[in-house]
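Engineer: Letter by letter, the chains look like this.
2 protein chains.
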Amino acid sequence: MATIIPLEQSRRKSADRALEVLTGLVADDVRAVNQLIIRRMESRVPLIPQLAGHIIAAGGKRLRPILTLAASKLCGYDGQRHLKLAACVEFIHTATLLHDDVVDASDLRRGGPSANALFGNEASVLVGDFLFSRAFELMVEDGSIDVLRILSNASAVIAEGEVLQLSTAHNSATSEQAYLEVVRAKTAELFAAACRIGAVVAGRPQAEEEALRTYGLNLGIAFQIVDDVLDYAAVQERLGKTVGDDLREGKMTLPVILAIHRGNEAERSFWRRVLDEADYRDGDLPHAQDLIRRYNTLRDAIDRARHYGAIARDALGLFPDSPVRQALLDIIDFTVEREF
Amino acid sequence: MATIIPLEQSRRKSADRALEVLTGLVADDVRAVNQLIIRRMESRVPLIPQLAGHIIAAGGKRLRPILTLAASKLCGYDGQRHLKLAACVEFIHTATLLHDDVVDASDLRRGGPSANALFGNEASVLVGDFLFSRAFELMVEDGSIDVLRILSNASAVIAEGEVLQLSTAHNSATSEQAYLEVVRAKTAELFAAACRIGAVVAGRPQAEEEALRTYGLNLGIAFQIVDDVLDYAAVQERLGKTVGDDLREGKMTLPVILAIHRGNEAERSFWRRVLDEADYRDGDLPHAQDLIRRYNTLRDAIDRARHYGAIARDALGLFPDSPVRQALLDIIDFTVEREF
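Sequence lines, in order, name chains A and B.
In terms of the numbering used here, the first sequence opens at residue 1 and continues consecutively.
In terms of the numbering used here, the second sequence opens at residue 1 and continues consecutively.
Derived by calculation from the structure, the hints in this document are not laboratory data.
Quick caveat: nothing in here was measured; it's all calculated off a predicted structure.
All residues carry an ideal CB built from backbone N, CA and C; glycine is no exception.
Take the hints with a grain of salt, since some may be wrong.
Covered stretches of chain A (in silico footprint by chain B; criterion: 3 or more residues with CB under 8 Å from a CB of chain B, positions within the stretch not fixed) [to be verified]:
(1) 39-46
(2) 118-126
(3) 129-138
(4) 153-164
Start from the sequences, fold in the hints, and give me the full structure.
Structural biologist: Okay, here's the thing in structure tokens:
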């Protein structure tokens with residue numbers, strides 16, 4: 001049940017290679033940031049680099065710090081400050097991941113060797129705190145109150161978004177608007193801050209700072225919507241996490257919200273049992289996927305994501321054409337059209 | 001088995017009333033800080049003030065923010081910056097408490113309605129993150145890079161200390177030195193930062209800043225040692241937590257470390273079973289308390305605490321006599337001699 005999104009052939013190709021191209025454009029910086037990350041997660045307490053290394057090395061695409069590096073390049077910045085700040089963005093992201101994975105006893109059955117499954121809840125929380133504090137130390141070393149304001153604000157909004165998500169979980173009455181508020185807070189704000197910082201270190205005018213913030217925020221919303229689609233649609237091996245996790249955890253994401261709104265009373269009572277009552281049974285995931293397919297909610301969720309992608313695209317109109325600008329545009333397609 | 005510490009009568013009296021007197025000396029500031037705390041833990045997500053309120057209101061003595069207020073007064077500061085920074089210190093402390101209480105599934109049996117028992121691990125972690133981020137927002141509003149450096153550094157050291165404590169748990173080979181390093185990092189650094197900030201906002205010379213840091217650090221070490229003593233010695237109702245928690249959780253604290261070092265092989269094998277193997281049985285707490293009594297380790301731990309108290313006392317020698325200086329001195333006795 002992989003999501004296939006029609007895209008003209010040439011745009012499809014650049015979407016596929018977009019992250020590779022963008023990473024290549026800032027390759028030296030990425031190496032420097034990786035070194036910085038490894039150096040700054042060191043500690044006399046061995047458990048810290050062990051656990052942090054598990055999640056940071058296991059690694060991921062480093063999308064957020066790469067956005068900081070690319071935005072700096074787009075703004076013509078040629079100093080060194082963006083390196084520390086990119087590491088800082090990755091530390092905040094990693095801390096959030098670690099804390100996201102902390103679960104209550106009843107949830108301990110989820111699949112996959114997450115950090116908390118390997119090291120325990122306590123260690124995940126505390127190492128997350130360490131990375132978060134380290135992020136602030138890096139910002140303080142940078143010394144700019146503007147950057148500190150942007151990132152401390154983003155951190156507070158992220159935490160608020162995570163709590164909001166917790167409050168909407170297991171509540172099938174969650175609206176699309178409430179979902180969007182969660183997505184904006186827990187995911188998009190860090191994308192926005194990561195991009196905006198590029199203009200700040202380069203000392204660019206307010207309009208460019210705002211444009212990059214708009215780009216990041218809307219890219220981040222699109223990114224999260226697609227992530228939530230993939231939780232129901234992806235090919236297990238490519239996703240790198242268990243398909244159906246969101247359903248099992250009672251998370252209210254767009255594919256489900258739309259299916260509930262479009263469904264009949266019998267279907268809603270199914271959703272209420274699985275989500276509100278957390279009474280998850282064998283066969284519930286395929287049934288949920290059937291309903292999602294019947295109402296085409298994955299396709300429509302991707303359409304919503306495209307809308308935010310379009311806003312992100314227009315925001316970059318302010319900047320003259322350049323390879324990095326093109327790569328940032330292609331990243332939008334990559335984000336919306338990715339299948340993994 | 002309450003710890004009775006011999007103290008000359010007059011000093012005993014002032015110790016008892018010390019916190020009351022100190023709080024009274026900065027009463028207006030304490031009120032302002034309490035209001036600030038309530039205002040700044042507000043959020044459009046109701047769970048945040050609910051949970052944060054549970055732990056902040058349930059409240060405690062506000063010892064750390066009061067130290068910031070008192071240190072500012074000691075330094076003759078008459079502005080408003082110390083109020084926000086005191087709130088910030090309390091937020092960091094509260095976030096730490098929330099994260100401390102997050103436990104692994106196997107530990108969920110512990111007594112007492114901690115926040116995580118009432119609201120769940122996830123909520124405790126995320127609201128802790130929110131308070132921590134809010135603390136940084138408050139610092140950024142203050143705008144001083146010096147303050148930001150002190151507190152971001154303290155936060156990283158605290159997190160490191162918490163992980164270090166986790167690494168020493170269930171390890172009966174933990175040395176007194178390793179214990180001291182944990183105590184210094186997880187507890188004393190925030191006391192040190194809280195006090196030091198008073199000199200920073202008042203723009204006092206380096207020597208006074210250092211003196212207040214020394215006072216706070218050593219007061220904090222004494223405070224934690226006594227806390228660890230009380231876990232074996234206190235009268236249950238006064239402690240406000242369950243006597244014996246540390247033993248059940250395999251925490252390596254000074255009373256136990258000294259008893260292990262002074263014990264015979266049979267006793268050590270008892271400690272290894274309870275601590276290293278986490279094989280805790282009925283009757284283990286009374287037996288542990290017997291061993292602790294046999295080797296007088298509570299009294300000796302308190303003696304160690306007094307040593308740090310003496311260092312804290314001398315640090316204040318730099319400041320001219322005043323009611324607030326006297327109250328800060330009495331707080332040392334209060335910390336070391338308290339029975340609750």
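Engineer: So is the segment 39-46 of chain A in contact with chain B by the C-beta rule, three or more residues under 8 Å, or is the coverage claim wrong?
Structural biologist: holds (count 4)
Engineer: Can the segment 153-164 of chain A be counted as covered by chain B under the rule of three residues or more with Cβ-Cβ separation shorter than 8 Å?
Structural biologist: Three-residue rule met by the segment 153-164 of chain A, so holds; n is 9.
Engineer: Please verify the coverage claim for the segment 118-126 of chain A: does it have three or more residues whose C-beta sits within 8 Å of some C-beta in chain B?
Structural biologist: It holds, with 6 qualifying residues against the three required.
Engineer: Per the coverage rule (Cβ-Cβ under 8 Å, at least three residues), is the segment 129-138 of chain A covered by chain B?
Structural biologist: holds (count 7)
In summary, this structure violates none of the numbered hints.
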